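Taking the hints into account, I'd like the entire structure generated from these sequences.
Now for the letters of each chain:
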Amino acid sequence: MGQANNKGYLEQTETIKTMIQTCIQCGTCTASCPNIEFMDITPRHMWRLLLMDHVDALFLSKSFIMCSSCYYCTLRCPRGLELTNAMSLLKQTASKLKLKQFQRSSLFYKAFLDSVKKHGRVKEIEFMTHFFISMKNPMIPFGFAPLGLKLMLKGKVRPEFPSGGSGKLTALFKKVAELEE
Amino acid sequence: MAIGKTLVAGAGLSGIRSALDLAETGYKVLLIDQSDHIGGLLCQLDNQFPTSKCGYCRMLPMFDRDRSSQHCLRKGLFHENIEILLSTQLMSVEGEPGDLKVTLKQNPSLIDPSLCTGCGECERVCSVFVDDPFNEGLTKRKAVYLPSPQSFSNAYTIDYTACTRCGECEKICPTGAIKFIDQDREKFKILVVDDEKIVRDSMKEWLKEEGFSVATADSGQKALELMDDRLFNMMLTDIKMPGMDGVELLAKAKEKNEDLCVIMMTAYAAVDSAVDAMKQGALDYLTKPFDPDVLISMALKVYHEFEIAEARVEQVDALILAGGTQFYKPELGKNPYGYGVLPGVVTGMEFERLISGTGLGKGKLIHPKTGKPVRKIAWFQCVGSRDVQADAGFCSSVCCMISIKEAILAKEKYGQDLETTLFYMDMRTIGKSFDEYRLKAQEENQVRFVRARIHSLDEDLKKKDGSLLARYVDLQGNIHEDDFDLVVLATGQRPAKQMTELAVKNDIGINPWGFIETTPFSIIKTSRAGILSGGSLSGLKDISDSVTCASAAALGACKIMHEAGKQPIDAHAIDMDDLTILARENPRILTVLCSCDKDLSQTLDLEKLKLDLDRIPENQSVEIMDKFCTDEGWKTLADMIQKTNPNRLILGACLPCIQKQRVKELSKESGLHSSLVETLDIISILKQYPDSQIPKTTQRIERELKALISKARFKNPVPGERLESNQNALVIGGGIAGITAALSIADCGYHVDLVEKDDAIGGNLLWMDKTVDNLDIQAYLDEKVKELESHNQVTIHKKTKTESTAQNPGEFLTFLKKDGEPDETILHGVTLLATGGSQAPLMKDNEDPQQKELTQKEFEMGVQDHKIDPEKLETVVMIQCSGTRDEKRNYCSRVCCIRALKNALFLKDKNSDIQVYILYRDMMSYGFYEEYYTEAKNRGVIFFQYDSANKPLTQIQEDKVLVKTRDLLLDMPVEIEADCVIHATGILPDLPAELADQYGADLDTFHFFKEADSKFRPVDSMNYRVFSCGLSLKPCTIEEAVASAEAAAIRAVRILSHERLVSGKMVADTRTATCSMCEMCVDTCPYGARFVDSLEEKIVIDPAACQGCGVCAAVCPSGSAVLEGLDRRLMLDVIDMALL
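Just so you know, the sequences run in chain order A and B. Under my numbering, the residue at position 51 of the first sequence is numbered 63, and the numbers go up by one with no gaps. Under my numbering, the residue at position 483 of the second sequence is numbered 487, and the numbers go up by one with no gaps.
FYI, nobody ran anything at the bench for these hints, they're computed from the structure. Any given hint could be a false lead.
Part of the chain A face toward chain B, derived, beta carbon under 8 Å [stated by the list, open to error]:
(1) Thr34
(2) Gln37
(3) Gly39
(4) Met64
(5) Gln113
Below, a list of computed lysine-lysine pairs in the DSBU-like style, where the Cα atoms sit at most 30 Å apart [stated by the list, open to error]:
(6) B/Lys876 <-> A/Lys29
(7) B/Lys509 <-> B/Lys144
(8) B/Lys175 <-> B/Lys212
(9) B/Lys368 <-> A/Lys29
(10) A/Lys166 <-> A/Lys187
(11) A/Lys29 <-> B/Lys338
(12) B/Lys955 <-> A/Lys29
(13) B/Lys968 <-> A/Lys29
(14) A/Lys103 <-> B/Lys338
(15) A/Lys29 <-> B/Lys964
In this text, all values refer to a predicted model and were calculated from it rather than measured experimentally. Backbone N, C-alpha and C fix where the C-beta goes; we use that ideal spot for every residue, glycine too.
What follows is the structure in structure tokens.
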């Protein structure tokens, strides 16, 4: 079977595989997914790839990061599988493995969370600045310029916010870090 | 010696089967049902597959049939040996087999059924409307109603929970059949526990208004204190309360008072905990906020049972539980698919009512809410089955076929242009003709099958016409949105709640899902001796399996009664009376008409009628009487018979009055033979022509009566013929089915000859090691063989073949050819064909010198012989449906998928690193076997689905086998290098056509034994003395083979138990004087009742086999084949009279 070039993903995905092992490929998850049109492979396809140990193919696609955790699939899975949690684990694995194709999203999330951790809420300007710096590509900000301007004009993004939330979420972040251990 | 008696709890399909089998054998049966009609679920269903017809009546007795009713079982049942109690529940059972004490609770109706004429006046005046459960709540009915539209007794009943006791019906009833009992509701004490004062107070108010005594408590603690003071009958408690919660209170209160009825109250969001509470003994629950009416009706129901129910204790020898199953309620589950909210979402049962002739649409298919015609229907499979989120890790086994049937029925009834779509996961066509039926649906009827599971349903907001939008993904991953007018949910089944409760209370083992747990290798024996399970109680079954299981349970009861030294009744000794003298007497006919409370004189010209009928010489007199329905009226009639001494009687009255049972009692009292009493339902005829003028109506009734008089005057009073019947059995085949059948018959006290062609007894079980549930097959077989060999009623003939046979009425004569021993001829009364079957050989495309491609049997035997070492295997591929379920052998062998799962789990046990792939078309892990499918998945077995057009290919490579298939989901080719490939080749029956033919049995297209009726007589042949069981009958597991053998055994025992069999009144005969011996009648008789007696050179008839159909009389060129009781003179006279 085609397990040849799985680049050591297998160890990481073994837990996820056991979560979905009893899948009977009925397709309920796929039919329920509200983000399906943004995915190049369907959730059912993802579970099948996992089951067949075609993890390389799974990580070549970015479909799982489209999961918005609506829990529709989990709610209706006849096998009672925790599919949304499996999706989250896939996201975490992709981030942990520092795969190139997920670098952008990982860094975006990281910059977002760093900002939240620091101020107790997101400070858009700072968050985007950190993201741009971490991407190490001077062209990226230009791509976001039209959207940024639009948001600013509508008052959705303001240069400064009153501070005071800093440190309030520390305990929460600590707990999450513990759980992720 | 004492006569054996069995209690059968549940009078549905299985209950009736068990009861009739025992009654025909000659045992007494008490048949109870908690509902108000017999017939169970099948009363609501009009048509069954594969015939799209019914056939319920085929369960009725074949010989001595005048002892029982001979009409549709939905109309009711009567048998001399069966006592039926309706609205009766089994409460408890104590004791040992042969001496069981059962406590029954009966809710007598407020209407006396012996007085009710079914005139319907009460229904007309009743002002209360409630959902009609018979139509699954799709229509309304009154609080006083007919239990089932087909019911023969026509007696109304009152729904005491809905009835407001306004008394209107009591006033209007012309026969005084309705009597409300004075109630003393004050002595019924209710305790309301809630922490909210407003809830407590308003509930107290509502309940007090109904006359109950009510106390309240604001906490669990308070409630318990109150309970120390006095005894409460009912408690209503909130679940969420500070301190002690409702569930805890329930447990503590039940400790104090076990009989306390507890109703839980809960907010909508916490229904789960209420359901949990019900599992712990709560009776029901109410969701807040609730309507006072709901509360009151619940309280009234509990009260009614407390007040009216009478306990009755009975002594019986055995108990058969046949309470059946109930359907899953989608509205209570996590995924209701909009059921109850979206119009146009119905359950399968509701759909059956919708399309039923007696149902909502009255023959038209209309939308239940909008009333518009329906053109597009979808079926969703596995609603509440194969769904762990609905507490169902099992498959309901029957829904796939039910849905296919419904789709075909809908097309047949409402036109082929109706669009029907079935959404399914695996199409479980697990019977021998099921795959063909599916193919018929797909090809002939154009039913669309889509392999997909629907997530949820939405209203089509664009169309806004009430159509429903189903979104699904196809195998390629494309999303589709289809709209439908109607969606049918194929709801799974659950155990009947009362049966589970009864089991828990009486230490009868249940499985995790609440079904009755049976002992190893049996589907009828429960954990308690003397208590048997019939029908779907021990796991879901279709009609034929339920009937088989019910018969098997009857055999179990029969064995118990025999072991306890109880006898069947020798009924035919009682019945002999001197009717031959009567036959020589001139007919003296008495005609008595009931005037139905003087009503009759207003619609009929009675004087003219009397005058006209008096002109017939044989008619002694015509009498008009009043109210047969009262005891008094009936007594006057008996007196009149005594006085006038007629030898034939004609009764004209309403249907309930002239029911066979009443007439039988009358004839017993008056000494008039029941076959000489003719009855006419005048009231029903009058009802058909409400607007006719008196002269016209009178003429109509006169004709009917004259026809009956003609019939009476020519009728031969001589009762049915008696046939000497051989009381030995022959079982052909020494596999597990043959062994079980032989042992079962022998255990009931009859001698059995068992013929086996091989040297060893055991058949297929000889090569099997363990079952999927890890039972030791060899140990079981050893035990059975030992039992068989040491049984003094069994003669085993090994290395023997049956060479030829001759059948005379009542007896077979079979010549046994023995290897190494002198040949032998045996006489026997019944024949059981248990010749078994074998695994189909593997059709190999490749040269395979190293035996890498094996059948399941070869693999299992290889492991047992240590030729195959699981630890040395790395990759194993299993290919299901190899050479089967295709054009050549289009049936599912039922056992191979389970066997594959067993082997996969075995391999994983022996070698956890092994990679097992199962290539399947539809995974047939029906019933509780679904758990092994899940387990195999959990253990890392990989499943590939393939379709029949793209079968997997194998190629031998040095020491590996290359298997090529496609992964349908990933849409890519797959190649697996396997160490060994195991093919599931299916089962081939081993029943030679000549052998079957010798005994007058037929084979079906696949060479299995052909049943007399695949659903209702699943082990019988058209020859009433020949049966089949095990693999020669159909593909089956060991338990199923055992059950079919037990079923065949009781079918045989019911014949063997009679020294003489009595035929029906109407039976064929031959006028030998004019018979030319052309033998056309012999070939035509569908029941094999006619034989050529070559010594005497005449045609002889087995009167017990003859069903009086008259085909022989129609086919006979010389008019020598006649039907007694329907001869030419009689028929012509009847027609003449009717045409006058």
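Against the structure, the hints:
Here the hint on A/Thr34 is kept, as its CB sits about 4 Å from the closest CB of chain B, short of 8 Å. Restraint check, A/Gln37 versus chain B: the minimum CB separation of about 6 Å is within 8 Å; hint holds. Taken as an interface hint, A/Gly39 checks out: its beta carbon lies about 4 Å from the nearest beta carbon of chain B, inside 8 Å. Using the Cβ-Cβ criterion of 8 Å, the hint placing A/Met64 at the interface with chain B is satisfied: the shortest such distance is roughly 7 Å.
For A/Gln113, the suggested interface contact is broken, since its CB lies about 20 Å from the closest CB of chain B, more than 8 Å. About 26 Å separates the Cα atoms of B/Lys876 and A/Lys29, which keeps this hinted pair within 30 Å; it holds. Taking the CA atoms of B/Lys509 and B/Lys144, the gap is about 36 Å. The hint is violated against a cut of 30 Å. Distance restraint check for B/Lys175 and B/Lys212: the Cα-Cα separation of roughly 27 Å lies within the 30 Å cut-off, and the hinted pair is therefore satisfied.
Between B/Lys368 and A/Lys29 the CA atoms are separated by roughly 51 Å; this puts the pair beyond 30 Å, and the hint is violated. Between A/Lys166 and A/Lys187 the alpha-carbon distance is near 36 Å, which puts this suggested pair outside the 30 Å criterion. With a C-alpha separation of about 26 Å, the suggested pair A/Lys29 and B/Lys338 falls inside the 30 Å cut-off, and the hint holds. In summary, the hint linking B/Lys955 to A/Lys29 is supported, as the alpha carbons are separated by about 28 Å, within the 30 Å threshold.
For the suggested pair B/Lys968 and A/Lys29, the alpha carbons sit about 24 Å apart, so the restraint of at most 30 Å is met. With a C-alpha separation of about 28 Å, the suggested pair A/Lys103 and B/Lys338 falls inside the 30 Å cut-off, and the hint holds. Taking the CA atoms of A/Lys29 and B/Lys964, the gap is about 28 Å. The hint holds against a cut of 30 Å.
Violated hints, in rising order: 5, 7, 9, 10; the structure is consistent with all others.
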